[in-house]
Amino acid sequence: MKNNFHTSFLPDLWRLWTLESLSIDYVSDKIAVLTDNFIHLKHLRSLDLSGSTGNCKMSILTEATLLSLFQLTHINLSKCKIQYIYKGTFESLKNISELDVSLNTCLRFAGLANITTDLQYTAIKILKVNYIHSTFEMSTLLKTSHIWNLRNTSLARFEAAGNRIQRVEYGAAKYFPKSFESVNVRDNAFSFGKYLFDLVRLPITSLDISEISSSHNVLTSYIETCDSQSDTFTMNSENNWLSDLRSRFDFKIKKFDHFVARLPVPRKLRKYHLRQAK
Numbered sequence: 404m405k406n407n408f409h410t411s412f413l414p415d416l417w418r419l420w421t422l423e424s425l426s427i428d429y430v431s432d433k434i435a436v437l438t439d440n441f442i443h444l445k446h447l448r449s450l451d452l453s454g455s456t457g458n459c460k461m462s463i464l465t466e467a468t469l470l471s472l473f474q475l476t477h478i479n480l481s482k483c484k485i486q487y488i489y490k491g492t493f494e495s496l497k498n499i500s501e502l503d504v505s506l507n508t509c510l511r512f513a514g515l516a517n518i519t520t521d522l523q524y525t526a527i528k529i530l531k532v533n534y535i536h537s538t539f540e541m542s543t544l545l546k547t548s549h550i551w552n553l554r555n556t557s558l559a560r561f562e563a564a565g566n567r568i569q570r571v572e573y574g575a576a577k578y579f580p581k582s583f584e585s586v587n588v589r590d591n592a593f594s595f596g597k598y599l600f601d602l603v604r605l606p607i608t609s610l611d612i613s614e615i616s617s618s619h620n621v622l623t624s625y626i627e628t629c630d631s632q633s634d635t636f637t638m639n640s641e642n643n644w645l646s647d648l649r650s651r652f653d654f655k656i657k658k659f660d661h662f663v664a665r666l667p668v669p670r671k672l673r674k675y676h677l678r679q680a681k
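To get this note's numbering, take the position in the sequence shown, counting from 1, and add 403.
Derived by calculation from the structure, the hints in this document are not laboratory data. One should not assume that every hint holds.
[Claimed, not checked] The calculated BS3-like cross-link candidates involving lysine-lysine, where the alpha carbons are at most 30 Å apart (straight line), are:
no., residue 1, residue 2
1, Lys546, Lys671
2, Lys460, Lys546
3, Lys528, Lys445
4, Lys490, Lys445
5, Lys433, Lys460
6, Lys484, Lys546
7, Lys581, Lys433
[As the list claims (entries may be wrong)] Label-pair ranges, simulated between beta-carbon atoms:
no., residue 1, residue 2, range
8, Ala467, Ile529, 23 to 29 Å
9, Ala467, Thr421, 44 to 50 Å
10, Thr547, Asn498, 24 to 30 Å
Don't be surprised by glycine CBs; every beta carbon is placed ideally from N, CA and C.
Using the sequences and the hints given, assemble the complete structure.
Right, here's the structure in full:
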């Protein structure tokens, strides 16, 4: 039932009580609450509200938004013009295994922190947070506080493509769970940093870091109007450790002409994608 509604109207769904999968438009200018029209769908497992395939607007999500849909296992809320996701929004979804909030560019990593706080109480396996930061804003820093609650999950795949990530806080990688297998962080702005030495901590077998620092067309890129927030950072002296590291290797370079610096990689890595990286 996609591309049918451009207002807050929703059809009467109570007769569809055996429904297991639903794709539908959802438009709300206030706090989104899926109750009256969804409360009878006790067998619903998959809910697709994505604006990529229909019409979706749900500016604010709270603990009341999905409270009546605790049995869901798959939720797609991508491109829904979400401005805020408050703590508690996903906490009641104990069975959720896949969550997609991609292309909500106003969420930023502040929203990610609230999401991962809730997911530690769930059965999450796949988390997609691609393009939750505006393509044309300043570069971002993925902090430990954004992801540290994932250590209490059984997460297998993490997607965070297109978020202008330049650095990852050193030590953050240890908070990914042992179940971790696959990462997609393509189309970011990664630079050399101490965080690279955390890669060996990751138990992943697949890593996609293609399209590093790739260019984007301002006329065709997806852009949302956001409330004022800030997730940017300024590089300071604490990050400028590279010169010290290089000095330690200078004597090796002079003594051994064949010396080549090697970057650490995850020990179990089997697939590595580095297409069109500048």
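Evaluated hints:
no., hint, verdict
1, Lys546 x Lys671, "holds, 24 Å"
2, Lys460 x Lys546, "holds, 28 Å"
3, Lys528 x Lys445, "holds, 22 Å"
4, Lys490 x Lys445, "holds, 24 Å"
5, Lys433 x Lys460, "holds, 9 Å"
6, Lys484 x Lys546, "holds, 24 Å"
7, Lys581 x Lys433, "violated, 39 Å"
8, Ala467 x Ile529: 23 to 29 Å, "holds, 25 Å"
9, Ala467 x Thr421: 44 to 50 Å, "violated, 25 Å"
10, Thr547 x Asn498: 24 to 30 Å, "holds, 28 Å"
Hint compliance for this structure: hints 7, 9 are not met, and every other hint is.
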